[in-house]
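S.K.: For the protein sequence lines, the chains are P and W, in the order given. Quick note: to get the working numbering, add 15 to the position in the first sequence (first position is 1). Quick note: to get the working numbering, add 33 to the position in the second sequence (first position is 1).
No wet-lab data here; the hints were simulated from the structure. Model, not experiment: these values are computed from the prediction. Incorrect hints may have been included.
Unchecked claim - In silico BS3-like pairs for lysine-lysine, Cα to Cα no more than 27 Å straight-line:
hint: 1; chain 1: P; residue 1: Lys58; chain 2: W; residue 2: Lys247
hint: 2; chain 1: P; residue 1: Lys135; chain 2: P; residue 2: Lys58
hint: 3; chain 1: W; residue 1: Lys205; chain 2: W; residue 2: Lys247
hint: 4; chain 1: W; residue 1: Lys205; chain 2: W; residue 2: Lys62
hint: 5; chain 1: W; residue 1: Lys205; chain 2: W; residue 2: Lys245
hint: 6; chain 1: P; residue 1: Lys332; chain 2: P; residue 2: Lys135
hint: 7; chain 1: P; residue 1: Lys58; chain 2: W; residue 2: Lys62
hint: 8; chain 1: P; residue 1: Lys58; chain 2: P; residue 2: Lys192
hint: 9; chain 1: W; residue 1: Lys245; chain 2: P; residue 2: Lys58
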Amino acid sequence: MQPSVRSSRKSRLWVLVVVIGIIILIFDSQIPIVQILPLLEGKLTTFATVFLGIFIEAIPFLLLGTLGSGFVEAFLDHSQIQRFIPRGILTGALTGSLLGMVFPVCECGVVPLTRRLFNKGLPVVAGIAFLMAAPVLNPIVILSTSSAFGWGWMLVGRVGLSMLIAVTTGLLFSVVKSPSEILLPASLRFGGKRAGTSTTQPLAQRSFRAKLNLMMVIAADEFFEMGRFLILGASLAAGMQAFIPQQVLLQVGHGPVTSVLVMMALAVLLSICSTVDAFIALGFVSIFSPGAILAFLIFGPMVDIKTTLMYLSVFKKRTVVYLILLPFLMSLLAGVLLNLVVV
Amino acid sequence: MSLRLYRYFQSLLLIALGIFLTVKIVSGKLIWYIHPRFIPLTVLAVVVLLLIGMVVFIAGSRTGQDHGEEEQEPGHEHGPSAWRLAVVTLPLAIGVLIPAHPLNASAMGGKGISSAVPITAGGNATIQFDQAADTRNILQWNGLFNSNADPSTYLGQEANVIGFVYHDPNLKDGQFLVGRFALVCCPADAFAVVMVVIWPQSATLPTNQWVKVKGPVQSVQLNGQTLPSIQAVSVELVDPPPQTYLYP
């Protein structure tokens, strides 16, 4: 507790210094702020509208994820999870990648849920496969993708390749023996501390109401914890949209490889929820190659600005690098191959 | 910060967020931020936010009375910190302090203009080829020009569209763009659809002013795109419509 109190005081001091610095700068340099404001105002309202758009659109899905996490903590026992998830590496990865069918979460909800499941004894391989696959392999996303693209090859490609990439990434993580090797110590203590406290009764002995209350309180905690990254991610994405012309990105988007790279970059920058990104991809169908659209639909749910921030708050840095790099290379390969084969 | 106070602040923020969304729903401004089909989800989110807010408030009022598990549980690794909550006030602050506005001409630079209007594969395509010409909106006109290799069939038909005024730097004198934003999810994916209006008094129209334009449709080239244009017979100043966006 002691170091964190000190570091939070330090960060508070820094914020104060920066704010005072800005104020001094403004008054000292005599920047004609009145003249700048009207210019900025249009951009600022655009920023606000885009930011609130992403935030409001994501709230229901974030709540779903945090309630799911609360449910796991309050209602599921260590032994239950061990019973459902096979210990085998391949079977574990496959089960993990399909777990999203039971927990329909998007990429904002999946991170807290995965952390919670790790603390409840979920094996590493299954957990990573779940983390990568759940934002696509769940009923809501399959429905939204099908309503955008129909029940065709795009849907099959999205679901199939996401599962393939998730299982492969999970399998590569089989060299890791325990979640403690990939999770930050803070995310681990999480469940362990509570288990050690004398007041914690075994789950079975608690009343239903007490469990429900616990679920809600945990959901609130996670909403604030993960909501921070949603907010930071949304403001970054909105800022880029308001201040950097999208045209710049689109103009470089030709060729079988660059078009895939551009759409993947766009998936990261836009940071849209996986439950709706199919509709957005639709808007690019006429501009970009099919492989680029597919890569957008596969890579976006695994890695974007807000999930990267969330990963960093839960996993060790090295793990985050793998969690970004592996899906990146595989999605790129999938998109480019499709372009070369089809075109 | 004491745990009790932390819980009270959490509860306050959750309920404030619920009220903020309720105000947006009731005032009809929610459609500035999301596609109407997501409104039921937002309503559901409001219910959940208020419910969790109340449960957390009660949990807060109980802490300290019985030194139960609540004492160790929250705040996780860092202990209750006000800074963690502070970030969540940002959407509220932005929502309250920056004047609310749907996307308008100021967003044109960043968003770019698209004549490539997507046609949904899942049916309910909005473009009906047999639709009466004067009921088509800007999105539908662009869709027609985009879906048909030879737009000449539509040339000369009478258009009657509304949109906001945008003065593109590449336009000639006596021309302006009448535009709408179209979106499929939220303003993050919005794209502008425009028609070029040929109207001698173009320069007198302020940017962002909503206008109703009538006249025969022609086709022009702008920045390498073929766009539908209107040889304006009349340009009328109008109020913004309740639904400012179009939905493909």
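S.K.: Run every hint past the structure and note whether it holds.
M.R.: Going through the hints against the structure:
{"no.": "1", "hint": "Lys58/P - Lys247/W", "in the structure": "30 Å, violated"}
{"no.": "2", "hint": "Lys135/P - Lys58/P", "in the structure": "46 Å, violated"}
{"no.": "3", "hint": "Lys205/W - Lys247/W", "in the structure": "20 Å, holds"}
{"no.": "4", "hint": "Lys205/W - Lys62/W", "in the structure": "36 Å, violated"}
{"no.": "5", "hint": "Lys205/W - Lys245/W", "in the structure": "21 Å, holds"}
{"no.": "6", "hint": "Lys332/P - Lys135/P", "in the structure": "22 Å, holds"}
{"no.": "7", "hint": "Lys58/P - Lys62/W", "in the structure": "19 Å, holds"}
{"no.": "8", "hint": "Lys58/P - Lys192/P", "in the structure": "49 Å, violated"}
{"no.": "9", "hint": "Lys245/W - Lys58/P", "in the structure": "25 Å, holds"}
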